[in-house]
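Protein sequences, first through last, are from chains A and B. Going from the first sequence to our numbering is simple: count from 1 and add 35. Going from the second sequence to our numbering is simple: count from 1 and add 35.
The hints are simulated quantities; they were obtained by calculation from the structure and are not laboratory data. There could be a bad hint or two in this list.
Identical copies carry no separate label here, and so any pair may be met within one copy or between two of them.
[As the list claims (entries may be wrong)] Result set (EDC-like, lysine to aspartate or glutamate): computed pairs, CA atoms no more than 20 Å apart in a straight line:
no.: 1; residue 1: LYS83; residue 2: GLU138
no.: 2; residue 1: LYS41; residue 2: GLU170
no.: 3; residue 1: LYS238; residue 2: GLU180
no.: 4; residue 1: LYS83; residue 2: GLU113
Predicted model, so just to flag it, every value in this text is computed and none were measured.
2 protein chains.
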Amino acid sequence: MAPKTKDRILATSLRLFNENGYDAVTTAKISEEVGISEGNLWYHFRTKRDLVSAHQLSLFVLIDKRLAIPSSPETVLENYALFNRMVFEEVWNYQYLYRDQAEYGRASPELEDRVHQIYEMTTNMVIRFFRHMIEAGHLDLPEDELAPLADNIWMVIRYWPSFLRETRRVVKLDKAALNAGIRHHFALFETHLTREARGYFDKNAYA
Amino acid sequence: MAPKTKDRILATSLRLFNENGYDAVTTAKISEEVGISEGNLWYHFRTKRDLVSAHQLSLFVLIDKRLAIPSSPETVLENYALFNRMVFEEVWNYQYLYRDQAEYGRASPELEDRVHQIYEMTTNMVIRFFRHMIEAGHLDLPEDELAPLADNIWMVIRYWPSFLRETRRVVKLDKAALNAGIRHHFALFETHLTREARGYFDKNAYA
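Please work from the sequences and hints to get the whole structure.
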């Protein structure tokens, strides 16, 4: 079954906003790329701002999924690899929501609180993963290094699309761009991993 | 001698843009904070966009200064500490120029090329510093780790103000915010430094 028009509008507008910036993409351009009339687009979404709300909802569903990834000392390597891939893809696929906030409008206090909460939960999750790696003997790192490491990890993940755009003019996500981000992120702590753990990530963490 | 009106306008508008965002700051607000009439402001700068150009010029002067910091294996620790402090302050003090580009207008191709060149020169400079640290025996790191490390360092420096704003709601630069950034940046490679080199940076790299 072909995807529904509504889903095609969402996917196409997301891609266009990510690649060209929210302000630069018109509803005429979106309709054209989807292959429908502007009237048909308006039937599904009254304004460009409605598309933002729909994208935010999808993003929050993804975030809830990856925040629910479990961890234990026994399963930490596979769960961390899964978490890491999901979060890189999530940030890349919804990059305009982070990047173009000034263009599509300042967020409500409720949304800001939610975003703030997501940052905190993500940081705590990363720290929990690292504690489990230490407990399982995969990682050798003192406790007071974990908080700055978690912040640095979030910075590399969160700003990877902006960094590639600004320094390398890369605007499309492909395997090479995603894997380079994962590589830069592992550079933050791989010298503290056992050879076995490093081998596991080399084999299983990349696209 | 009191600072000239023009300089006061530049300093005040820079602070207001950084803290509140380019779009949110009116010329009325700038005049009020400087304590002059809007007519007097217009006499010096016809539009808000003219302030952007003036800030860009000052930023480029700073960048040229820190790109000219020399390095040799003998002087690498003091020169790296100096470079590092300068670049953190530069990125923080001109943060709106990076952050609000969509608000004040897309850059010209010439400016984009210049910015791109600055990124490249900065990365090369950081790699050169690390090579000198290795040569002088301060740092133990294989050659193929240098490029991702230099990228990660630039990411922490470049996005530190955005990161603090988004995750901690910090909008003003004070010693604590600056030093926390420097600390996060050292966390990227300090375990590869000799104890002596680490001790040098602990004593000399912070504000």
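Hints and how they fare:
In this assembly of identical chains, the alpha carbons of LYS83 and GLU138 lie at most 20 Å apart whether taken from the same copy (11 Å) or from different copies (18 Å). For the homomeric pair LYS41 and GLU170, neither the shortest alpha-carbon distance inside one copy (47 Å) nor that between copies (59 Å) is at most 20 Å. For a Cα distance limit of 20 Å, the shortest separation of LYS238 from GLU180 across copies, 19 Å, qualifies, whereas the shortest one inside one copy, 26 Å, does not. Within a single copy, LYS83 and GLU113 get their C-alpha atoms no closer than 39 Å, and across copies no closer than 52 Å, so neither meets the 20 Å cut-off.
When each numbered hint is compared with the structure, violations occur for hints 2, 4.
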